[in-house]
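Same order as they appear, the protein sequences are chains A and B.
Going by my numbering, the first residue of the first sequence is number 1, and it counts up by one from there.
Going by my numbering, the first residue of the second sequence is number 224, and it counts up by one from there.
It is worth saying that the hints were derived from the structure and are not from the lab.
The calculated lysine-lysine pairs, modelled on BS3-like cross-linking and capped at a C-alpha distance of 27 Å, are:
(1) A:Lys119 / A:Lys153
(2) A:Lys171 / A:Lys199
(3) B:Lys505 / A:Lys101
(4) A:Lys153 / A:Lys171
(5) A:Lys199 / A:Lys153
(6) A:Lys209 / B:Lys505
From the derived model, a few chain B residues whose C-beta atoms are all more than 12 Å from chain A:
(7) Leu241
(8) Glu352
(9) Thr354
(10) Ala387
(11) Arg452
(12) Gln453
(13) Tyr604
None of these values were measured; they are calculated from a predicted model.
Cβ coordinates follow ideal geometry from the N, Cα and C atoms, glycine included.
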Amino acid sequence: MRIAVIEDNEALAQGIAHRLRDRGHAVDLLHDGEDADIFLRHEGADLIVLDCNLPGCDGLEVLSRLRRRGDGTPVILLTARAETSERVAGLDAGADDYLTKPFEMDELEARLRAMARRKNLEFAARDAIGPLVFDRTNRQLLEGEQPLAFPRKELATLECLLERRGRIVSKSQLITHVYGTGAAQEDSAIEPHVSRLRKRLEPFGIRIKAARGLGYMLEVDSA
Amino acid sequence: MTSMSLRSRLFMLILPPLLLLSIVLGFWRFEVAQRTSETLFDRSLLAAALAISRDVAISGGDALSPSTRDFVSDAGGGELFYHVTGPGGIYITGYAYPPVSGGRAGEDRLNYTMAEYRGEPVRVLRMAESTTIGNLTGDTIVTVWQRDSDRNAFAAALARRAAALIASLMAALALVVWFGVKIGLRPLNDLQDAIQHRSPDDLRDIRRPVPAEVFGIVATLNRLFGQVRQSIEDHQVFISNAAHQLRNPASALLSLAEVLPDVSDPQERRLRERELIAAARKSARLANQLLSLERLRYDETSTFDRLELNAVAAEVCSDFAPTVLSRDIGFGFEPCSEPLPINGDNVLLGEAITNLLENALSHGGPGLSAIRVSTVAEAGYAVLTVQDDGIGIPKDSTQAAFQRFGQLSEGEGSGLGLAIVQDVLRRHGGDVELLPQERGLVVRLKVPLVSPVAKP
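Bound conformation, chain A alone (with noise of 0.2 Å):
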C-alpha cells in the first residue's frame, strides 16, 4: 500500500515512516504543504497522513484541495493539541480520522488500518500475531502455512480486536463487527466468543484482557 506521509517535523514523519516501511508498505515523505499537494496532484496514494501544522501550505487547504478535485483518498489528520476547533474544521474538510500528537505508532496503525477497512482497501494481507499469522483475505489464523482451525465467530471476534490491538475494543464494538450491523445482541452475547478465544489463544503467548465496564484488549508478549 502507499502511504504518503506529510508531516514537517521530519523526525516524527521518519518514525511513522520506519514503522510503515516496517509493515511493508511503500511511504513518500513530504515535508512541505505545496509540495504535497504536487505531489498528490499527479502521483496520489492510497493513505494519506497528513500534519495540520505544514509550511508552505496549511494542512486543512492541502486536505480541501484534495476533496475539490475530487479525490477520496482517506486521510488521517494529525493535530498538534486537542484544540476542538482544529479537529471540527479538518472533519468538515474532508479528513476521514485525527490524531493528536503526542500519540503512540500503535494508535496510528491501527487507524490507518480501521481507515483502509472501511474504504475497503487491503492495509494488509497478512499480519503477525506472537507466532501466529492472521490471513484477512481468507480470514484464516495460520501457524506457519498450517490454518488453525477456530470457530468463525471466535476468528471475526479475532480480526476486531487485532484491528485495535493495543486499544480497549468494547463488547458493541465487538458484536456489530461478529453479528454485523443493528445485531439485536445483548453486550453479554460476545463474552463466551472471547473466554473460549482466549483460552485457545493462551499457549501462543497472544492475551485477551478485559477492563470492566469498557472492553477487552488483545496482547502479545513480546518476549
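With chain A's structure known, arrange chain B on it following the hints.
Chain B in isolation, oriented as in the chain A frame:
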C-alpha cells in the same frame, strides 16, 4: 480618543465665569461712572453758578472777573455756557439765549433740568438768588449749562479706564492660569517620566513624592507593577522548574539511546528498548502536562461546552486502560447509571482524569493490583472517583501533594499532576479531594451538575 487636556480643562473652568463676572462688573462700573459724572458735572455747574452770581454781586451787575471766566471756561473739562439776568429779568451778562427748559418755575432756588441748546441736549442749572443791584432788588437768575455729550464723554472715559483695567486683569489671570497650571501639573509630567522609565526589566515601585491628588493613581500603579513583577517571577520559576524537569527525562533518553548500539544480547536489547520507549513517552507526556498547565494558568479563552461526565470518563479510561492492563494491573470503570450533565472543557477534564490515573499507576508501588474509576451523582455534583490499592500517601501530606513540582517521593512523575488537576477543577467550579485509605488512595473529583432540562 483623548479627553481634553487638564490645562485646557482648568482654563475653561476658571476663565469663562471670571469673564462673565468681569462683564457684569464692567457694566456696573459704567453705571457708576455715569452717575459719578452726573454728580461731578452737576457740582461743577453749581460751583460755576455760585461763582458767577458772586461775581455779579460784587461787581454790581457787571461782567465777570477774569478769574471767574477762566474757572468757568475750564470747568469740568467741557465748555460751559452761562446767562445771567438781574432783577426784573434784565440781561446782565453771558450768552444771549439760554436754553429753554421745561421747568421754568421760579419757585425752586436751584433747579437742574435737561434741555436743548443749538440742537444738542444740555444739562441746565438755573439758580435764583435775591440780590440788590443798585436800587433794584429782586431775583438774580444765573443759568449755566453744559453739553450732555461732554458729560457722557467723561463717563465713557471713566468706563473705558475701568474696562482697560478689568481687561488687563483678565489677561494677567489667563496668563497666570495657563502657565501656572503648567507649572502646577509638573508633578504629573514627572510621574509620566517615572512611568516611561519603567520596562519589563525595571518594575520597581514609583517612590518619588507625588501630590496627594495622584497618590491613588501611583498606589494603583505600584500595585499593578507588583502584580506584574510577581507574575513574571512566577513564570520564571515555572520555566526554570520546567526546564529542570525536562532535563531529567531528556538525559535519561540520551543515556539509554547511546548505549543501545552496544547491546548485543537480544533479550537485553529488547529490555533496553522498552526502557527507551518508556523514557521517551514520559518526556512527551511531561511536555504535554507543562502545556496544559500553561494553558490553564494563562489562557482564559477556553470555552465550556455541555458535557456528559460518563462519556468523558469512558473515553479517557478506554484510552488509558491499555497502559494499565499491559502492566497486569486490573482496571474497571463503573459509570453512574444516570447521565451526569456538566459544563466543562472536554480536553481539560480529560487531562485531569488522565493525571489521576497516571498518579495511581506510577505512585501505587509494587502492591498495586487494581485501579477502579466510578462516577456518581451526589448532592448537585457529578463525582468521579479514582481508587487504587497501592501504597497511597500519608494522611498528613495531602496538602504537599498538590504543590507544583512537589513530589512526595523521588521517582517517576513530574510532580505536576495534581496541581493540574486542582487547577482544572477550580476552573470548573469543582474541587478535588484526596482521601487516604487503609490501603491505597481515593481521589474524588467534584464538578457541579447542570440540570438536564436545560439541554440546548
